Every structure is written in C-alpha cells, then in structure tokens.
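Those protein sequence lines, which keep their order, are chains A and S.
Residue numbering for the first sequence follows numbering that gives the first Met the number 0, starting at 0 and increasing by one per position.
Residue numbering for the second sequence follows numbering that gives the first Met the number 0, starting at 0 and increasing by one per position.
It is possible that some hints are incorrect.
One copy or two, either will do: identical chains are not told apart, so a pair holds if it fits within one copy or between any two.
Here are the computed lysine to aspartate or glutamate pairs in the EDC-like style, where the Cα-Cα straight-line distance is at most 20 Å [unchecked claim]:
1. 124 <-> 162
2. 124 <-> 275
3. 124 <-> 80
4. 4 <-> 50
5. 73 <-> 224
6. 124 <-> 224
7. 4 <-> 243
Hints in this document: simulated from the structure, not taken from any laboratory.
None of these values were measured; they are calculated from a predicted model.
Number of protein chains: 2
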Amino acid sequence: MLPAKVAILGPGLIGGSLALALRDSDPSRPVSLWARRDATVQEVQRAGFRDAGTDLAAAVRDASVVVFCVPVEKIADLARDVVLHCPNSACITDVGSTKQRVVDWMDPLFPGRFVGSHPMAGSEKSGFAAASTTLFRGAPCILTPTSRALTEAIEGIRRLWLEVGARVELMTAAAHDRLVARISHFPHLAASALVQLLGENGSDSQHFAGTGYRDTTRVAAGSAELWAGILSENRAEIVSALDEFVEILQNSRALLSENRLSELHDFLFRAKTTRDQFPVHPVARDV
Amino acid sequence: MLPAKVAILGPGLIGGSLALALRDSDPSRPVSLWARRDATVQEVQRAGFRDAGTDLAAAVRDASVVVFCVPVEKIADLARDVVLHCPNSACITDVGSTKQRVVDWMDPLFPGRFVGSHPMAGSEKSGFAAASTTLFRGAPCILTPTSRALTEAIEGIRRLWLEVGARVELMTAAAHDRLVARISHFPHLAASALVQLLGENGSDSQHFAGTGYRDTTRVAAGSAELWAGILSENRAEIVSALDEFVEILQNSRALLSENRLSELHDFLFRAKTTRDQFPVHPVARDV
C-alpha cells in the first residue's frame, strides 16, 4: 500500500516547507501542491514537485490529508470548493496562527474531520523560495481538535506533524488563541506602544538606547501589514490580554507612587523567577 | 604642570573602569581611589593603583575632579564629608542613572561646581573585577549641569568623559530622568508585567515562546534588587511614562475592538518607522 497522499494548498513558506520535509522523510509519499498563480506552480515544479497545478479539484482528489496553507482570510472561499472534491474520509487541517474563527468555520464544513494546526515556526522571509526542509524540526505544533473531532482525524494530523519533526501539543482553540495572544500578539502590540512612548522625535532617542531597549522593542520593526492582520484576527483575546496587562501595570503604579520598595522588589522578582525558567535557546520560532 | 588629580570614590564597575581608562589615556595623571572596605583597597592596589585607601580626606585632598561612583543612596552622606576636605576649586560629578534628586542635593553643597553625569555603559557584572579600560568607548554620557553651573566645571567634567572615549551630551536633569524613564526604566517594568501576564503557571508557556517573546521580556531576568532601587529612584517620571503608555495602549484597544484595520496598520507602521531608524549596533550599554 502506498503512503497516503497529502494535498498542500498554498506552497508558501509554511506549505513549501511542509512539502520539502515530507519528501525528505519519505520520498515515496505522494504530495500534491495547489497554487493560485502559474508562476508559483512553475517554481515548485522546478523544485521537483511534479504533482502541482492551479486545478484545486485535481489537487485534493484521492488526498488522505488536505492542509490549508493559505492566509486565514482566504480559507473560507477555498474550503467551499475543497469540500466538493476531496474524499469524505480525508483529514483536513490548516496552519493559521489563530484558531477559533477557523475552527468555527471549518468544523461544520468537514464534520469530525477538521483539526486545526498551528506550527510555531516561521521566518522573516516568506514564499516558497524561503521554504526549508528543517523548518518544523523541534518546533511546537499546537493542534486544536473540537470535541467532535474523530480520533482518526486527530491521529492523522498528529502523525503528519510528527513526521516533519514537530513536537505536537493539543489544546482547545480558545486556549490556543488565549496563549498566543499573551505570548506573541499582545507583546507585539506592547512593543509598538513602547516605541511610540518616545514621542514625535522618537528616533532622536536612538543614541541613548541600550541593548535592553533594543531587544524589548525589536519585534516592533516587523511588517505592519502582516501584524495588523494577525492582531485583527485574534482581537478578542488580545483586548482581554491588554485589559489584564493594564491591571498589572496599575498595580505596579501604586507600588511606585507610594514607594513600596519591598513589594516592588517582589513584583520584579516574580517576573524574574518565571523568566529564568525559560530555556536559553528558544524551541519555538516566530509567527 | 602635572595633569590634574582625579579622585574616584567607589571603585566598582563604573569607578574602576574610569580609573583604568584614565590611566590608559595618560599614565602620568594622578588618580586616587577611595573605598569603604579594606578588601577593595587591596584589590585596586594589586591592579597598580597605589594611591588608594579608606581615608576620604586623603583621597580628595588636592583633587581637581571628584567623581562619586557609589550607589545613589550613599552619595548624600559621603558628600557631607567630601565638602570638608576637597579644594574649593574642584569640579564634582557622580555617575548615577537618575539625576534630579542627586542634583538637588549636590548643587547647594558644591555651588556652581557640581555637574551630574550619567555614563550609559554597564554590564551584567559588577565590582572592580568586572571593570574594563574600554567600558566608556563610544558610549553616550549625559551631563546635567544646572543653570548656575560654572563653565569651567562643565568643561572639566566634559573633558573627563571625552578622555575615556564617551560621547558627551548635555541636557537638564529633568529631561534626562524623563528620557531614561522612557528608554530604560519603564520598558523594564513593562517587560516584567508582560511575563506576569502568562499567569501563575507562566513558565509552562516556555515551550511556546519564540525569539520575539524572549527578546521582548529578556530584561525582566535582571536583578530584582538592583532594578527595584533604580525604579524607586526615578519613580515620578516612570509613573508619568506609565500613564502615557496606558493611554497609547487604550487607543490601540479601541482600534482593535472596533476592528479599524487601516488605523491599526498605521499604529504599527508609525512604531516600525521609528524603530527602523535605530542603528543595528547599539551605542549605549545598559543601566
């Protein structure tokens, strides 16, 4: 029996890396790639992926696993076509960095067979040209099955990510969105706000910025287009993180303005204790 | 004529580096070192500084420049003794990372002759053992003369820092404290608050933290003792920065909760534009 066919829709950085990693792990496994643009199809064909094209029906026909690697806002339209052409038995997943909205949309379309994924790996670069065989190795990948997801669907998607070297963890879509709001999305917004605190002539302050300030605000140099989309997508959880953060700040404000030195020390020490437990080398990569 | 004698009170990381850098620049210049503890005196004597001791009067006698390199909270007591023994013509400075309170204390004690300094250079290490000849090279050093500071005092302190390779800038003590609150002190507090946002079991989230999160929160691993002292010292300006920061965050909250995508983009883009103007290699070092 041949290994099951994987259909990858959107061979950009993530989709392309998944295709490369699957081929690296088992060259006999059929992988089909679908792209919207002819130029992208030619690019992946030059990389040796012969089963690539702009025909969605052909890409998903006979697939055991279908992976949506398109931007989150493009998933809904594409999914309506995919459901018409892919086998009823196929496991379906996506790779978006927020999960609740995608799950809400996909679960009714593919009952029991959709299991959202968030491989926590990325790069400042994008597109198939930046794809890498090793992108997912050692990276966490969070799966967000609903309560009605079939065990075989969860297992199918879990094996897909294990095969490319990711460390799989399961949680609800809500828990995922809450976690990434706190560990990625809101910190990005906070870094942007910190830079704005320097005021109109903020760049004049550059001469006085040490490595601490540079590190703290580095992510604020990320793509405004990309991050506006990410923040908007997960806005409910980010607003909730923001409110909680402001409450924490207001508590520390009271300690400062009343000069309660030992409580201020405890505030800093609690954060230091948590932060010190992070391993020196990160396992997750950004976005 | 011999070069003017410099008295350095407190040969820790900063005071020790200043002594080493002055000797490196002009071995004929007399440098006297005062330390509270015998062990420290012996340590600097082993490094070749023969004019070192625990006798404050001897250290500052005949000095042209006196540099207080002790912790800010120790300056007042020491200054009351120094004023009895140092020449009336000596220029006086300190190296504290906040300036208004020190200036308010020192200016009446040394009328016209005190000019506060903040060399923006540091290290995670402390003490004379960590001192380095090159610590100040290329680093900014902010001087905060009052309106009644004598030109010769400003020039004397300016030449001292230029001689060890620092880039000297002048501003008022109030402007200095406002700047460092925004570029160092408040960002430290914000990083600590971000870590606390992960909640009670925050360190469980470590598996999902990418390099962005790690950079954003790195300073929160700094010494809680050291930073509680720094934050307390500059608390008025930090509280003002905190209030302004919360206002910026609340503006972004409105953009998020109403999903005003293009304004959210502009918010991120403004920060990116400022942040992109920072040179890749920092010139200032922390603390």
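The hints, checked one at a time:
In this assembly of identical chains, residue 124 and residue 162 lie within 20 Å of each other by CA distance neither inside one copy nor across copies; the values are 24 Å within and 44 Å between. For the homomeric pair residue 124 and residue 275, the shortest alpha-carbon distance between copies (17 Å) is at most 20 Å, but the shortest distance inside one copy (30 Å) is not. With identical chains, the CA atoms of residue 124 and residue 80 are never at most 20 Å apart, being 29 Å at best within one copy and 61 Å at best between copies. Within a single copy, residue 4 and residue 50 get their C-alpha atoms as close as 11 Å, which meets the 20 Å cut-off; across copies the closest is 80 Å, which misses it.
Taking identical chains as interchangeable, the C-alpha atoms of residue 73 and residue 224 lie at most 20 Å apart only when both belong to the same chain, with a minimum of 16 Å there against 50 Å between chains. In this assembly of identical chains, residue 124 and residue 224 lie within 20 Å of each other by CA distance solely inside one copy; the values are 14 Å within and 40 Å between copies. Neither within a single protomer nor between protomers do residue 4 and residue 243 lie at most 20 Å apart by alpha-carbon distance, with minima of 45 Å and 55 Å respectively.
Of the numbered hints listed earlier, those contradicted by the structure are 1, 3, 7.
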